[in-house]
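**Student:** Here is how the chains run, residue by residue.
Number of protein chains: 2
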Amino acid sequence: MAEAEAQHARAASLAHRVPDLAALELLLAVARLGSLGAAAREVGITQPAASSRIRSMERQLGVALVDRSPRGSRLTDAGALVTDWARRVVEAAAAFDAGARALRDRRDSRLRVAASMTIAEYLLPGWLLALHAERPDTAVSLLAGNSTKVAELLLSGEADLGFVEGLTVPSGLDATVIARDRLIVVTAPGHPWARRRRTLAARELAETPLILRERGSGTRQVLDAALGGLARPLIELSSTTAVKASAVSGAGPSVLSELVVGEELAMRRLVSIPVEGVSLQRELRAVWPTGHRPTGPARELLSLTRG
Amino acid sequence: MAEAEAQHARAASLAHRVPDLAALELLLAVARLGSLGAAAREVGITQPAASSRIRSMERQLGVALVDRSPRGSRLTDAGALVTDWARRVVEAAAAFDAGARALRDRRDSRLRVAASMTIAEYLLPGWLLALHAERPDTAVSLLAGNSTKVAELLLSGEADLGFVEGLTVPSGLDATVIARDRLIVVTAPGHPWARRRRTLAARELAETPLILRERGSGTRQVLDAALGGLARPLIELSSTTAVKASAVSGAGPSVLSELVVGEELAMRRLVSIPVEGVSLQRELRAVWPTGHRPTGPARELLSLTRG
DNA sequence: ATGAGGGCATAAGCTGGTCTTATGAGCGAG
DNA sequence: CTCGCTCATAAGACCAGCTTATGCCCTCAT
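Chains as they are written, first to last, in full-length UniProt numbering: chain A, 1 to 307; chain B, 1 to 307.
FYI, nobody ran anything at the bench for these hints, they're computed from the structure.
One or more hints might be untrue.
Stated by the list, open to error - Pulled a few chain A residues facing chain B out of the computed Cβ check, cut under 10 Å:
{"#": "1", "residue": "Arg87"}
{"#": "2", "residue": "Arg88"}
{"#": "3", "residue": "Ala92"}
Think of the CB as a built atom: it goes at the ideal place given N, C-alpha and C, for glycine as much as any other residue.
Please model the complete structure; the sequences and the hints are all you need to start from.
**Tutor:** Written out as structure tokens, the structure reads:
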């Protein structure tokens, strides 16, 4: 439903109401450098082009963004706010780019990473951005699949470094824990659980039908193990995104990684329900073939993930 | 530094490597509808245009995104991953749009909202999206400022509903708590604190110079109160974004709302340091002039924020 | 079997936006 | 007073992406 309505709201298309990425980057440059001309130089266009671009952006948004003066340009109050929203769009685009770049360099690249879906979707783009910042020349490729697939790719030499999120380490691989991820119970804000005062007991959770990923997914494994194999599905969906959308629309409670619902929680499209009597932690691990300690770029990436 | 390097990495400009918003929306439509033609119809272009757009996107990314067949198109594995990254970009753009729209409708609009900076930046766009989904015709305007400014706007009748994040409710206003926000201590992953095993004592926190917002900001108030006015600044910056950037670059530890660092924590550009012996909770409140209970769209918005 | 319908691809031509170059004008510092 | 920085405006070139008009492929129903 949230999906459908977002769709509808978007009828006259976002792209017509939101400036394009180049314009947003230009705005960020103006904010940072304090001058249209300097910003233009940075993004590699001429000053008049920058001037016109900013102006048409202001026309499009119906708000003055910068105060122009003969000695530079500063953001207006509204401009500062818009710039922060723009920054979020640009950051998402940078993550997109980092991911896509890794996907493109599939063959013959220097560092081939295999990762489980959740990690590939939510964490890797950020790591790749950081890696790219430190070692701009490293070409990284990305293969995504479940734990078994990751293990296969590593053992067959088709990948150099893997990331898995299951409970166990596939045999033949060495691993190190790089982060702990907590699964949390979430509902739409309208759900009765969102109003309860007492924390939820594990038994209640086990008895309630939930919106879940399919059996065999990393998330489902952890939940089943924590509840003793009892998790009762209300709906089973095959992608994290679909589960989220379903939960947001109010179809029922769900259990998801806190990694993937950060935005939804902040925006209060979902609320987190405290649970007691059950440990929903899981480890995220970097893995590699036993004996083949990561070296070079793989080692670099690994150190970035652990900080 | 992260800033500067992102800059550098972006030299050949993101906009040239990331498809524009229209293309990303089209991709999402294809994913959802399973056909290029249907997706084209939904976004209001012809089928050949959609075909060409997707194709040039595949060329740009160097990856096949959809499997075309005479009976429809499905995403490839890589396409599914790319679509999820695209979705995040589009969501950020939708938040941008919701915010910008509210900023534009400054005058003569039906619902005028005044909010503190943090709330305006991180929460309001999401709420406005939700409000727009339920009441597409409501024009909302947004004014941002600190608590005092919000109070003024409400009392002078220039705003209908306010949101503040301080410890106290400005006099003359009624309030209701809509959410609890936790301040958390964060450092770059490389900082020594990121490796400590013991939780941090309040005294240690008070004795360590921190990267902070300026005195008078909501965040700083809460921290000063919690530590007994002792917070020691390493650097004082005037925007949350600047504080974040500084912390990410490793300049030192900082204390920030968990709202604003969700992404950074997920991407492990920052890590959270547990603290004991000090309560860093703060309430986010909706406020209105005493006696003037919110009605109509204001009431609607309020109910969305509380779920 | 055979035609209708939905799916996608290709080709040709037009349109519009956005860039560049060239120039002018305001303000401040030496 | 003039140099150097800022921004604005004007005119023309260019290119990306759209539409319209086709054609082929496959499936399903008659």
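**Student:** Let me make sure I understand: some of the numbered hints might not hold for this structure. Which ones are they, in numerical order?
**Tutor:** The structure breaks none of the hints.
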